[in-house]
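There are 2 protein chains.
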Amino acid sequence: MLKSIYVYRFLKMGMCVQRHKEKGSFCHILSKEYYGHHNRSPSMYKKDKYGSLGVDVHKTGIASFKRIIDELFPEAFCPILKHPLDPSKGIILHEDGAGSKPIVSYLLYKETGDPRHFRGLARDVVAMNVDDVVCVGATPLAISDYIALNPFTLKKEELLGALAEGFSEVLRELRSVGSDLCFCGGETAELPDIIRTFDISCTVYAEVPLKYVITGSRISPGDIIVGIRSGGKSSMESFENSGLMCNGITLARHVLLSGEYPKKYPEIMCPEVKGYTGRFRLDSYIEELGMTVGEALISPTRIYMPLVLEILRRAEVKALIHNTGGGLTKCLRVGRGVAYIKDTLPEPDPIFLLIQREGKVDWREMYQVFNMGVGMEVVVDKENLNQVIDVCEKFGVGAQPIGRCERSSEGNSLLINSKWGIFSY
Amino acid sequence: MLKSIYVYRFLKMGMCVQRHKEKGSFCHILSKEYYGHHNRSPSMYKKDKYGSLGVDVHKTGIASFKRIIDELFPEAFCPILKHPLDPSKGIILHEDGAGSKPIVSYLLYKETGDPRHFRGLARDVVAMNVDDVVCVGATPLAISDYIALNPFTLKKEELLGALAEGFSEVLRELRSVGSDLCFCGGETAELPDIIRTFDISCTVYAEVPLKYVITGSRISPGDIIVGIRSGGKSSMESFENSGLMCNGITLARHVLLSGEYPKKYPEIMCPEVKGYTGRFRLDSYIEELGMTVGEALISPTRIYMPLVLEILRRAEVKALIHNTGGGLTKCLRVGRGVAYIKDTLPEPDPIFLLIQREGKVDWREMYQVFNMGVGMEVVVDKENLNQVIDVCEKFGVGAQPIGRCERSSEGNSLLINSKWGIFSY
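First to last, the protein sequences are chains A and B. In terms of the numbering used here, the first sequence opens at residue 1 and continues consecutively. In terms of the numbering used here, the second sequence opens at residue 426 and continues consecutively.
Mixed in with the good hints there might be a few duds.
To give a feel for the contact side, a few chain B residues facing chain A, derived at Cβ under 7 Å [to be verified]: (1) I493; (2) L497; (3) F577; (4) E582; (5) L585; (6) F592; (7) E594; (8) R597; (9) L599; (10) V602; (11) G603; (12) C607; (13) A614; (14) C695.
Okay, derived cross-link-like pairs now, DSBU-like style, lysine-lysine, Cα gap no bigger than 35 Å in a straight line [what the hints assert, rightly or not]: (15) K110/A / K491/B; (16) K89/A / K491/B; (17) K514/B / K211/A.
Note that these hints are calculated values from the structure, not bench results. Just so you know, even glycine gets a beta-carbon here, dropped at the ideal spot from N, CA and C.
Please construct the entire structure, taking both the sequences and the accompanying hints into account.
Structural data, given as structure tokens:
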């Protein structure tokens with residue numbers, strides 16, 4: 001029985017979502033009436049896998065917050081405000097977390113007793129923040145962390161020790177390639193009555209001279225979208241990435257991992273959510289991944305910042321898109337009146353194929369939740385394409401044109417043409 | 426049975442804590458050997474009330490993080506780093522949250538169905554951040570929020586709508602008194618497998634010309650500590666404050682509220698923590714408080730910023746201390762070799778007397794957890810005392826000398842001489 005219906009205008013993405021709450025599970029219906037130019041029936045959105053796990057990729061409800069931000073360029077990847085003391089500069093204060101990735105680290109820590117499994121989360125949260133702000137051409141200057149934890153489920157000093165090592169390592173690495181980013185400390189909150197295990201996020205402060213801001217407003221028909229790989233191993237990295245980054249982890253955990261984990265560690269799950277439905281253990285080695293399921297799930301997010309800054313020095317860039325929450329549909333928030341057409345996407349990394357197959361997840365939803373192997377997108381005109389590819393080659397990271405931009409008469413739109421179907425968003 | 430012992434050096438506070446984990450409950454033993462000049466036996470710390478609820482006021486474990494912060498003035502109230510692009514400036518990127526206060530708002534929301542009970546939390550987290558950074562003489566320029574929630578226990582859009590209104594209101598208020606603080610947005614994370622109800626925190630970015638930094642290093646013997654009231658109603662406020670601010674809420678909830686709440690809403694409690702032991706309902710009107718228990722618990726934190734900026738314009742200030750986590754012992758982190766002597770403290774606001782009486786909390790612990798009616802301390806020499814009192818009078822906030830500073834031969838120390846005993850920290 002339908003209990004209540006709310007209608008929200010999704011200001012930024014120019015679409016409207018009707019939200020149905022039904023017996024504790026969430027589903028999303030996009031009304032065609034509001035959704036105008038897209039040829040999809042509402043029933044296509046009736047139920048998504050991620051919604052049933054309590055995660056809303058459509059980000060309903062954020063409109064009330066958008067209204068109170070005095071952003072200079074609403075079409076930019078993240079909000080840029082005027083520096084209160086220097087009108088020639090834009091400032092960005094950006095927050096992002098590791099999603100539910102801490103739960104995977106927690107399970108590995110519990111199973112092995114080794115707190116080093118927490119370490120990679122520092123890289124994750126740094127990546128999630130600095131790579132968002134470089135998308136508007138800004139320079140990250142300062143970063144701080146927020147850790148909320150339940151001291152009854154883990155040893156605070158083991159968690160903090162491992163994370164401090166992780167932050168120290170990643171900041172040293174960034175400094176070695178010329179970054180000025182400084183670590184300003186943060187807050188550790190013990191909240192056993194709120195937090196089941198632990199949560200980690202970061203905030204980055206960045207500045208950009210207003211004349212150098214990248215907003216996506218200069219995207220023109222015919223511009224190329226270059227996709228930069230999220231998986232593999234760059235020349236700056238000492239480990240193989242699964243490509244997963246920090247988004248879709250709740251979905252990945254639930255469809256891959258065995259029900260034994262929530263049984264053994266009830267603190268890793270909300271009682272309203274159905275148990276894990278997967279058939280793997282954390283240490284199950286999967287031939288096609290070339291690593292264990294646990295390794296694939298906690299594989300740290302690539303930091304694109306050094307590569308992006310090099311691209312910005314060598315090419316004229318019209319837009320940058322960090323494919324985090326929203327996956328390959330993240331571009332919808334950038335630019336104005338842009339039809340993104342992605343029709344030459346690379347084969348997704350094996351982790352995405354595994355998640356899709358095991359969870360029987362709709363391909364449409366896969367593209368909305370995961371980066372599908374493309375962690376960063378760069379929009380350039382044809383003349384600048386080779387410079388972008390060259391820089392990626394120098395860093396040992398795969399890159400290729402994945403599509404183009406056209407004009408859209410109404411809001412932004414995205415068409416994905418893949419071997420699994422044609423999807424429009 | 427003692428399972429494990431860890432020894433941590435508490436770098437900032439110059440003390441060392443041995444941490445004993447015993448059957449899931451935490452207690453703290455301060456070893457005299459490491460704790461030098463204080464005349465206390467380890468047994469005095471064996472068990473504190475707050476520790477048994479999973480909150481460690483001694484902040485063990487943060488040492489690993491302190492090591493990786495390149496702070497310019499380790500004796501200052503919060504870490505100040507050199508601006509990477511302007512060596513004449515210090516920057517602060519500071520994070521703090523509302524503690525477990527969201528649980529009280531959540532209960533009021535559940536009991537009444539009114540999401541406006543979430544609104545005051547915006548004021549709380551703004552206060553917790555801006556009033557920390559003004560303690561080093563810095564100007565807060567930008568603020569962002571982080572909200573992590575469980576969509577199965579509350580309606581996201583109701584929470585976000587109320588909080589957005591709250592942020593909007595408090596920022597408008599601050600702008601009306603000349604603040605440049607801008608709201609830069611934030612992150613909303615749906616993490617039902619990590620978060621039982623919701624958690625809220627903010628990050629503030631602030632700058633200070635290095636020549637104007639207030640570090641506490643100029644504190645001299647004989648300087649006066651002026652205490653500024655946390656309770657009551659200032660000329661800027663439209664409501665009566667209980668004085669509680671955001672710290673000690675876990676302890677206050679557990680000793681005041683009735684066991685019916687966790688029974689009715691099991692999502693508000695960690696299973697490892699004992700149920701509520703109090704005898705009040707949220708709507709119990711308490712004569713001595715002049716408000717209900719619920720109102721006293723969610724009473725928003727006073728924002729001292731406008732008052733403090735006015736004091737800084739009119740007086741030469743040697744130190745400012747925002748009495749948040751650590752309560753009246755927070756001063757221990759400021760300055761070097763300072764013996765703080767607080768012997769003329771005001772009568773604590775009724776909420777603190779109620780918590781102490783109902784929870785039979787040691788007075789020693791009360792001073793370590795709560796601000797006890799003094800939300801902000803200002804250290805000045807005798808010549809500047811009247812200017813501070815005058816400004817507080819102008820804002821309609823009670824203020825009085827609460828003690829003095831002397832020299833300490835070893836680290837900082839604090840002596841509280843109250844009608845309930847003499848306590849040294």
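Do the hints match the structure? See the list:
no.: 1; hint: I493; result: holds (5 Å)
no.: 2; hint: L497; result: violated (11 Å)
no.: 3; hint: F577; result: holds (4 Å)
no.: 4; hint: E582; result: holds (4 Å)
no.: 5; hint: L585; result: holds (4 Å)
no.: 6; hint: F592; result: holds (6 Å)
no.: 7; hint: E594; result: violated (10 Å)
no.: 8; hint: R597; result: violated (9 Å)
no.: 9; hint: L599; result: violated (12 Å)
no.: 10; hint: V602; result: violated (15 Å)
no.: 11; hint: G603; result: violated (11 Å)
no.: 12; hint: C607; result: holds (5 Å)
no.: 13; hint: A614; result: holds (5 Å)
no.: 14; hint: C695; result: holds (4 Å)
no.: 15; hint: K110/A / K491/B; result: holds (26 Å)
no.: 16; hint: K89/A / K491/B; result: holds (31 Å)
no.: 17; hint: K514/B / K211/A; result: holds (23 Å)
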